[in-house]
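Asker: Read off the chains here:
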Amino acid sequence: MEPTDITNPEYFHKVVDCQYACPAHTPVPEYIRLIAAERYADAYMVNWESNVFPGVLGRTCDRPCEPACRRGRVDEEPVAICRLKRVAADNKGDVTSRMPVIKKQKNGKKICLIGGGPASLTVARDLAPLGYEIHLYDEWHKGGGMMRTQIPGFRLPEKVLDEEVGYILNMGIHTHFNHYVDSMKEILSQDYAAVFVGTGAPKGRDLILPGREEAKANVHIGVEFLASVAFEHIKTIGKKVIILGGGNTAMDCCRTSRRLGGEDVKVLVRSPFADMKASAWEIEDAKSEDIPILNNMPPKEFVVENGKLKGMIFGKVKATYDANGKRSLIPSGEPDVFIEADDVIIAVGQDNAFPWIEKDLGIAFDKWEVPVLNKVSFQSTLPGVFFGGDSAFGPSNIITSVAHGHQAAISIDQFCNSKDVLERPAPTTNLFKQKMGIHEWMYDSPVEDDDRFKVPHARKELTLKNIKAEVELGFDVQTAFKEAQRCLNCDVQTVFSASKCIECDACMDICPTSSITFTMNGEEDELRTRLLAPAENKSQDLYISGELHTKRVMVKDEDVCLHCGLCAERCPTSAWDMNKFLYGVTKVTKII
Amino acid sequence: MTYIKSKIRHPKQPKNSIGYVKADYEGALSTLCAGCGHDSISAAIIEACYEMSIEPHRLAKVSGIGCSSKTPTYFLGNSHGFNSVHGRMPSITTGANMANRDLIYLGVSGDGDTASIGLGQFCHVIRRNLNMTYIVMNNGCYGLTKGQDSATADFGSVNKSGTENPFPAIDLAGLALELGATFVARSFSGDKTQLIPLIKAAMSHRGFAFLDVISPCVTFNNNMGSTKSYEYVRDHIPATAAHEFVPQEEEILISYPGGSNTSVRLHDGSSIQLHKLNANWNPIDRNTAVNRLQQAKINGEILTGLLFVDKDSRDLHEVINSVDQPLNSLRKELLCPGTSALNKINDGLR
Ligand SMILES: Cc1cc2nc3c(=O)[nH]c(=O)nc-3n(C[C@H](O)[C@H](O)[C@H](O)COP(=O)(O)OP(=O)(O)OC[C@H]3O[C@@H](n4cnc5c(N)ncnc54)[C@H](O)[C@@H]3O)c2cc1C
Ligand SMILES: Cc1ncc(C[n+]2csc(CCOP(=O)(O)OP(=O)(O)O)c2C)c(N)n1
Ligand code: SF4
Ligand code: SF4
Ligand code: SF4
Ligand SMILES: [Mg+2]
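Residue numbers (our numbering), protein chains in the order written: chain W, 4 to 595; chain S, 8 to 357.
In isolation and in its complexed conformation, chain W is listed as follows (with noise of 0.2 angstroms):
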């Protein structure tokens, strides 16, 4: 193998598991050590600068970086990322102070948003400092799109989004609320300079089967039914319930049900439960609320008696796979079962929906209705209208819309300034020393042993009873300063620097996960066999270095190094040595 380019930012990024993982490359450890150092308020803006919602993306975030951590590949459960963030979120005091200043003095330009999403908002977030005028329409009269439409207060309270997305209209954003969009061509009639589409995927999916008709009185729409329930037009719902769906959506609405007066509420799921598309935490919560979740059951008709909604009957089915892996659910054999309901909720997907956008005015669309983009910048095939969030690939989470946001941003500032847009800004990187002494860094080096810790509960009948009690209280500070220990800090990088060693082993012989082996090189398959434990999981690099003096090569394994330093502090001639390697992903202009 060629030695490895450790000046190609890709490289040491891609070490800090969780930063990689994440959409919008928020860096992770970097706040994790702020909180365990009690700043808070400087862990919120590096999650701020990155991701725009921290308070409500460590109550709801998705956390694609989770299943990445590194801690998860050699401890049992990874880092509380998403719950260490609620954290800083939660004890940063006052930050006003700290947010960018919005210059009087305008460039000019008009930039039309249409949706008040959280793509929408990073978009405005982003280019409001560099002195566009940015107009805003949303339907509803208040900002943040479904984070406040869907996501209930009992897992985002009204506050915590109020604030966050507070922050951005306050940058002198002019909002249109109220304001449905209708036609684009209308839009493009005016002096904007871009559009960007932030409209989201608001269209629930139906279910037509036999009596859909009938009982519509008591069926819904899973993403009507929530927003109606936030903003108070639903407040009741039937003692028996049905939720058909496996999704997030399947769950909020549940767990909705059982505070609107649902008694006995079911999610009815048509596959296994192995490929239901909720996260396993959200699950978790439905279930701890009495909410059974039965699977394999796919709906076959709604039971309507005397024009009044009775229940529904469900078919049963396994699942079988060819030798593709390709599932068909087949019938059981076992016979229907009949489920009484009062109410009936669809939860089975969303799909964009542009109705508004005239068909003539050069923005393709697919067979599947998504509208041609292209992924880098997020441009369409008419140049001055951007698409980003859930509008641009169908739906996803806020954590995607967010990163979409930041680079249609800076798309923007390139076409309005009649740059390529396809010229991207390189990421920013900075290796910092942290040595401090012989046995001394500037990071807690040593590997805690503790085990994840739970964030407490509130409890069930008060929850159950008040629809805007929020369920999960958030860490503690203490408990969050001995959960922030758990990071492995895995931006620490170990720099390896081949003139330097003298191959006294010594390295190699502390390492306590065999990450380090010097042997002759090889190709890299089979280089990997040969190391002092096998490194299987290819999805980590392997480090090399060039040829030693005794024409070997060091060859460390990044999968399930611990960042202990340990390597470097018995190496005698300071061969390894550990950096902070901080790695920002550009956005269109310094933030903070």
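Check the hints yourself; a few may be wrong.
Below, computed lysine to any residue pairings styled on SDA-like, alpha-carbon distance capped at 20 angstroms [what the hints assert, rightly or not]:
id	chain 1	residue 1	chain 2	residue 2
1	S	Lys22	W	Arg533
2	W	Lys583	W	Ser500
3	W	Lys503	S	Met231
4	S	Lys19	W	Arg531
5	S	Lys12	W	Ser577
6	S	Lys12	W	Asp453
7	S	Lys22	S	Thr38
8	S	Lys19	W	Pro537
9	W	Lys243	W	Leu467
10	W	Lys243	W	Lys468
11	W	Lys206	W	Trp371
12	S	Lys14	W	Asp453
13	W	Lys503	S	Lys19
14	W	Lys269	W	Glu287
15	W	Lys438	S	Glu238
16	W	Lys485	S	Ser13
17	S	Lys12	W	Ala536
18	W	Lys457	W	Lys162
19	S	Lys12	W	Pro449
20	W	Lys554	S	Arg65
21	W	Lys162	W	Asp97
22	W	Lys145	W	Lys243
23	W	Lys188	W	Asp363
24	W	Lys554	S	Tyr239
25	W	Lys554	S	Glu238
26	W	Lys303	W	Glu337
27	W	Lys243	W	Val306
28	S	Lys153	W	Lys162
29	W	Lys541	S	Lys19
30	S	Lys22	W	Ser517
31	W	Lys503	S	Asn230
32	S	Lys19	W	Leu530
Residues on chain W that point at chain S, a partial pick, calculated with CB under 8 angstroms [to be verified]:
id	residue
33	Ala501
34	Ile505
35	Arg573
Computed footprint of chain S on chain W; a stretch qualifies when at least three of its residues, placed anywhere within it, have a C-beta under 8 angstroms from a C-beta of chain S [unchecked claim]:
id	region
36	128-137
37	311-323
38	448-458
39	506-512
To be clear, the hints were calculated from the coordinates, so they are not data collected in a lab. Where is the CB? At the ideal position from N, CA and C, for every residue including glycine.
Following the hints, complete the assembly by docking chain S with the ligands onto the known chain W.
Answerer: Okay, now just chain S with the ligands, sitting in the frame of chain W:
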């Protein structure tokens, strides 16, 4: 500040044939200087014992005084240990071995501990062919007392303060051969592929197995002009052979192309495979070993590898015909058979 080694290990760490992982053979975190050769030898001992599936409680580590003699704290934390007096490791081991012949004895010493204060003890333990492995971590200086030249420092070698050594060195491997040691090998802390099989072979040998391991002192003897520095040793070590240790139950797997291959069967049925780099070399002949060692010295080379092994070695217990059972398990009835037995003996002498 660390000095804390995480308990987390590689999730795929393998187990040996008795179900232990390598961590089960580790000891406390070393307090030696970073980069000390002794730590590498400790790592090689851990690896050898792990691979040989030695039950940790069946091994006793014994040492004298010195950085080298401190190392037993840093390996085999679940084994017996005795950190004794300067130069007195051989007599402590002799006593222990006489009392309990069922344990595996691993003696660890330094060049100061062995070639100066303990030289007499060293000679006698060889003469007696005590069943033990005797490892000298040889750095050519007294590391623990800040680097004075030891008796193995080569003539003309320059120490850290810039002084040339005016005395000839004691070659411990040569001395061991001369005194009739039944297993003599030399290796280098920086060459684990050679060192680990040699440790395994030494531990499988019945009788006195001596391993002289050159082990650079990074702090006091890794300077220009030293003949025990990493760089100097690497540039001056031709090996007698490439070695592979073959446990008794396994097939010999490696066959080297060219050269000539020999297999030496060890007492416990295992064997050491030698791919000889010099066709005239014979590891079971003491004379060629003595000659080659002399020749290497004249050439300014540090000869490493298995130098000599006596396959018919008879250890001290065999020589003195001691009882098969460990003394510590002899019950009172056996040791004091009573008046009637005494009378019988007395009668036999009348
Ligand atoms: C029930 C449910 C629970 C969820 N829970 C989570 C969670 O816990 N964590 C997570 O990360 N993600 C969650 N999501 C997904 C997340 O809410 C979305 O991925 C995210 O909000 C998408 O952001 P966006 O900016 O693309 O658009 P949205 O948030 O969808 O915002 C779009 C806004 O535009 C408005 N709009 C649409 N068309 C027009 C128009 N023509 N004119 C004016 N306004 C218009 C919409 O009303 C809406 O307010 C959940 C989704 C649902 C449905
Ligand atoms: C009876 C006695 N004399 C002298 C000493 C001082 N002393 C301690 S260690 C040592 C030399 C150790 O040298 P070596 O055995 O080569 O060990 P190293 O530290 O080099 O590994 C001496 C002379 C002592 N501890 N006890
Ligand atoms: S920091 Fe060094 S010693 Fe610690 S686990 Fe990583 S490679 Fe091993
Ligand atoms: S500890 Fe340092 S000098 Fe020794 S082998 Fe490792 S990198 Fe090289
Ligand atoms: S003084 Fe020398 S022998 Fe002692 S620990 Fe340090 S390097 Fe090793
Ligand atoms: Mg010494």
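Asker: Please go over all the hints and tell whether each is borne out by the structure.
Answerer: Hint by hint, here is what the structure shows:
no., hint, in the structure
1, Lys22/S with Arg533/W, "17 angstroms, holds"
2, Lys583/W with Ser500/W, "16 angstroms, holds"
3, Lys503/W with Met231/S, "16 angstroms, holds"
4, Lys19/S with Arg531/W, "14 angstroms, holds"
5, Lys12/S with Ser577/W, "19 angstroms, holds"
6, Lys12/S with Asp453/W, "15 angstroms, holds"
7, Lys22/S with Thr38/S, "27 angstroms, violated"
8, Lys19/S with Pro537/W, "8 angstroms, holds"
9, Lys243/W with Leu467/W, "16 angstroms, holds"
10, Lys243/W with Lys468/W, "17 angstroms, holds"
11, Lys206/W with Trp371/W, "14 angstroms, holds"
12, Lys14/S with Asp453/W, "11 angstroms, holds"
13, Lys503/W with Lys19/S, "31 angstroms, violated"
14, Lys269/W with Glu287/W, "14 angstroms, holds"
15, Lys438/W with Glu238/S, "27 angstroms, violated"
16, Lys485/W with Ser13/S, "16 angstroms, holds"
17, Lys12/S with Ala536/W, "18 angstroms, holds"
18, Lys457/W with Lys162/W, "24 angstroms, violated"
19, Lys12/S with Pro449/W, "7 angstroms, holds"
20, Lys554/W with Arg65/S, "39 angstroms, violated"
21, Lys162/W with Asp97/W, "14 angstroms, holds"
22, Lys145/W with Lys243/W, "33 angstroms, violated"
23, Lys188/W with Asp363/W, "9 angstroms, holds"
24, Lys554/W with Tyr239/S, "16 angstroms, holds"
25, Lys554/W with Glu238/S, "13 angstroms, holds"
26, Lys303/W with Glu337/W, "14 angstroms, holds"
27, Lys243/W with Val306/W, "14 angstroms, holds"
28, Lys153/S with Lys162/W, "67 angstroms, violated"
29, Lys541/W with Lys19/S, "14 angstroms, holds"
30, Lys22/S with Ser517/W, "14 angstroms, holds"
31, Lys503/W with Asn230/S, "15 angstroms, holds"
32, Lys19/S with Leu530/W, "17 angstroms, holds"
33, Ala501, "15 angstroms, violated"
34, Ile505, "5 angstroms, holds"
35, Arg573, "5 angstroms, holds"
36, 128-137, "violated (count 0)"
37, 311-323, "violated (count 0)"
38, 448-458, "holds (count 4)"
39, 506-512, "holds (count 6)"
Going through the hint list in order, the structure does not satisfy hints 7, 13, 15, 18, 20, 22, 28, 33, 36, 37.
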